[in-house]
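Taking the hints into account, I'd like the entire structure generated from these sequences.
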Amino acid sequence: MFRRILCPTDFSEPSRKAIELARSLAVQFGAELRIMHCVEPVTIHGPTIDMGAPSSAFDVAGYQDLILKQAEESLRALGAELSSRELEVSIHLARGKPGEEIAAHAEDFGADLVIIATHGESGWRRFLFGSVAEKVMRTARCPVLTVHEDGGGASVRPPGPAAER
735 MFRRILCPTD FSEPSRKAIE LARSLAVQFG AELRIMHCVE PVTIHGPTID
785 MGAPSSAFDV AGYQDLILKQ AEESLRALGA ELSSRELEVS IHLARGKPGE
835 EIAAHAEDFG ADLVIIATHG ESGWRRFLFG SVAEKVMRTA RCPVLTVHED
885 GGGASVRPPG PAAER
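Sequential numbering from 735 applies to the sequence shown in our numbering.
Hints may contain errors.
Claimed, not checked - Below, computed lysine-lysine pairings styled on BS3-like, alpha-carbon distance capped at 27 Å:
1. K831 <-> K803
2. K831 <-> K869
3. K803 <-> K751
Keep in mind that the hints were calculated from the coordinates and are not lab data.
Rendered as structure tokens:
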């Protein structure tokens with residue numbers, strides 16, 4: 735039924751629960767499991783002033799490189815931890831807006847299922863920041879299974895309207 739399962743992670747505890755479910759389903763169906771992480775570009779808002787002193791400037795590119803390096807190390811460790819004779823695990827590190835990158839990579843990878851954690855944001859926080867899981871559910875061309883933060887269950891949503899294109 736499932737040949738390729740994509741499970742995005744932000745390395746949080748809810749994501750860990752989603753990964754465990756993804757691992758279990760991948761073993762059950764003999765599917766390939768891909769673990770993915772997306773790093774958003776670092777941006778600095780507000781006016782910048784060149785003070786002329788190298789120590790006064792924040793090295794955005796260096797900081798971005800550090801974040802990418804740490805994310806790649808974490809992904810590699812997670813992939814190695816999950817891999818076994820019974821499970822093929824691959825990793826993917828993306829850069830950009832997580833919701834968009836996850837949906838795009840699900841299509842590129844040929845995922846039959848995306849399993850993603852929800853963090854239970856609501857109210858103003860959700861309004862201001864949005865929900866990565868919600869964006870993926872709306873735009874992915876394959877079914878999306880969301881694993882709730884509180885462990886109270888999971889929800890499956892068929893492919894979003896993007897699948898009809």
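Going down the list of hints, with the structure as the test:
1. K831 <-> K803: Satisfied, since the Cα-Cα distance of roughly 18 Å is no more than 27 Å.
2. K831 <-> K869: holds (10 Å)
3. K803 <-> K751: Given that 27 Å is the threshold and the Cα spacing comes to 24 Å, the pair holds.
Going down the numbered hints, you'll see the structure goes against none, and every one checks out.
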